[in-house]
Amino acid sequence: MKLIKFFALSAALAAGMVAANAQSADKCNDIFVGGGVGIISPMTPGFNSPSVYVNLEVGKYITPVWGVRAVIGGPFQTLDANEGNATDAGIGARGFKNKLFGELNFDAMFSITNAFAKDLAKLNVYLFAGPTVNFSSEGSRFSDVQNANVILVEESDKFKVRAGATVGLGVAYNLTNSFALGLEGRFGVTPSIFGDADPYRKAEGTTRIALNGVWTIGGANGKVARAAMAAAAAGYISKEAAQALADEAVEKNPKIVEKIVEKPVVKEVEKVVETVVPASTAIFFEIGKANIDAKNKARIQLYAEAINAGADDCVYEVGGYADKKTGSVSRNQNLAEKRAQAVYDALVEFGVDPSQLEMKAYGGVDPMFFNNDVLSRTVVIKKK
Numbered sequence: 001m002k003l004i005k006f007f008a009l010s011a012a013l014a015a016g017m018v019a020a021n022a023q024s025a026d027k028c029n030d031i032f033v034g035g036g037v038g039i040i041s042p043m044t045p046g047f048n049s050p051s052v053y054v055n056l057e058v059g060k061y062i063t064p065v066w067g068v069r070a071v072i073g074g075p076f077q078t079l080d081a082n083e084g085n086a087t088d089a090g091i092g093a094r095g096f097k098n099k100l101f102g103e104l105n106f107d108a109m110f111s112i113t114n115a116f117a118k119d120l121a122k123l124n125v126y127l128f129a130g131p132t133v134n135f136s137s138e139g140s141r142f143s144d145v146q147n148a149n150v151i152l153v154e155e156s157d158k159f160k161v162r163a164g165a166t167v168g169l170g171v172a173y174n175l176t177n178s179f180a181l182g183l184e185g186r187f188g189v190t191p192s193i194f195g196d197a198d199p200y201r202k203a204e205g206t207t208r209i210a211l212n213g214v215w216t217i218g219g220a221n222g223k224v225a226r227a228a229m230a231a232a233a234a235g236y237i238s239k240e241a242a243q244a245l246a247d248e249a250v251e252k253n254p255k256i257v258e259k260i261v262e263k264p265v266v267k268e269v270e271k272v273v274e275t276v277v278p279a280s281t282a283i284f285f286e287i288g289k290a291n292i293d294a295k296n297k298a299r300i301q302l303y304a305e306a307i308n309a310g311a312d313d314c315v316y317e318v319g320g321y322a323d324k325k326t327g328s329v330s331r332n333q334n335l336a337e338k339r340a341q342a343v344y345d346a347l348v349e350f351g352v353d354p355s356q357l358e359m360k361a362y363g364g365v366d367p368m369f370f371n372n373d374v375l376s377r378t379v380v381i382k383k384k
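Counting from 1, position 239 in the sequence shown corresponds to residue 239 in the numbering used here; the numbering is continuous, with no gaps.
Be aware that one or more of the hints could be misleading.
Said to hold, decoys possible - Using C-beta positions, here's what the derived DEER-type ranges look like:
1) D353 <-> A70: 54 to 60 Å
2) K202 <-> N291: 38 to 44 Å
3) Q301 <-> A70: 33 to 39 Å
4) E349 <-> C314: 18 to 24 Å
5) D345 <-> L175: 36 to 42 Å
Calculated directly from the structure, the hints in this document are not laboratory data.
Idealized CB from N, CA, C, for every residue including glycine.
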């Protein structure tokens, strides 16, 4: 009964994440693929010699915190015969070594690191859970020929599929913007692949430990740069703001965004001679923060100079925003106010008359630019 409840809970968790993925297909954070090698061993009484375990995975982080993935694993499990874990009342201890074995796991993933630290952290500690199915021969089964004194078990090569659930913990370190190396442990419960000869035939625990390499398609910084440039092309933010984000990504990994920033840079140079105040600009913040870094302060100074050189009767809105998916409603409202106040104070510091500024806080909002939550942690300065 406990196994059924555990399986139902993990299946519901994974199904919920898949549903969230389907509803947010356009809110694309980077897809990742990977593979690993390690060991696998059933957790039955006595010593069980570990066997080689390899896996391939593909998945996607829907938000910086939540993700889904599918993992194919195998190809061996070992049940050690020396301790008599598998028994046949007719002939004594039996064992089945290096059985061909495969499994398919569906995981809902929760990043502990990104839940409490800033986005794109180097070290990612995450939990995962979900249903699993494995594929192997039946292994052994109770013989059709029995008598009152013994229970006979015979080997069987009949193909069988078994369902269960797994949970695990992983630690990954981002060596580059697109490649991470990590260690992952997974514990699962399914009916034993060794069949009726195994005393734990109804619910056998199995542990896997693997060293994994994971490639993020496009790279995390490439994602930010692409989102910024697309947002600028659609008119959601100024090209100055988009270029600043792309420049920061280029500093970390030039090859990823080289083609993305090439054309916008040319177009930006063509408009340097313009003297009119840009319709709007955006200042971006880290998750949970309201302090302005040097790059954004320089952007504010340039916009302040444009305001001071423009008409005295123009009024500009300083609107603060937060990411709706992180933090409570009250916390996001407070954070939006602090961000708007910080930009307002910086504009006044650079000579803008307070009578030309109107400060507002919009709190937590859905993705504002190109369906990217990171770009909602912002203050937008615009003409009214």
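So the hint says 54 to 60 Å: do the beta-carbon atoms of D353 and A70 match that? At 58 Å between Cβs, range holds.
Distance restraint hint 36 to 42 Å, applied to the beta-carbon atoms of D345 and L175: Holds - the Cβ-Cβ distance for D345 and L175, about 40 Å, lies within 36 to 42 Å.
Within 38 to 44 Å: is that where the Cβ-Cβ distance between K202 and N291 falls? violated (57 Å)
Between E349 and C314, is the Cβ distance one that fits in 18 to 24 Å? holds (19 Å)
Range hint 33 to 39 Å: satisfied by the CB atoms of Q301 and A70? Given about 49 Å between the Cβ atoms, the range is violated.
Checked against the numbered hints above, the structure breaks hints 2, 3 and satisfies the rest.
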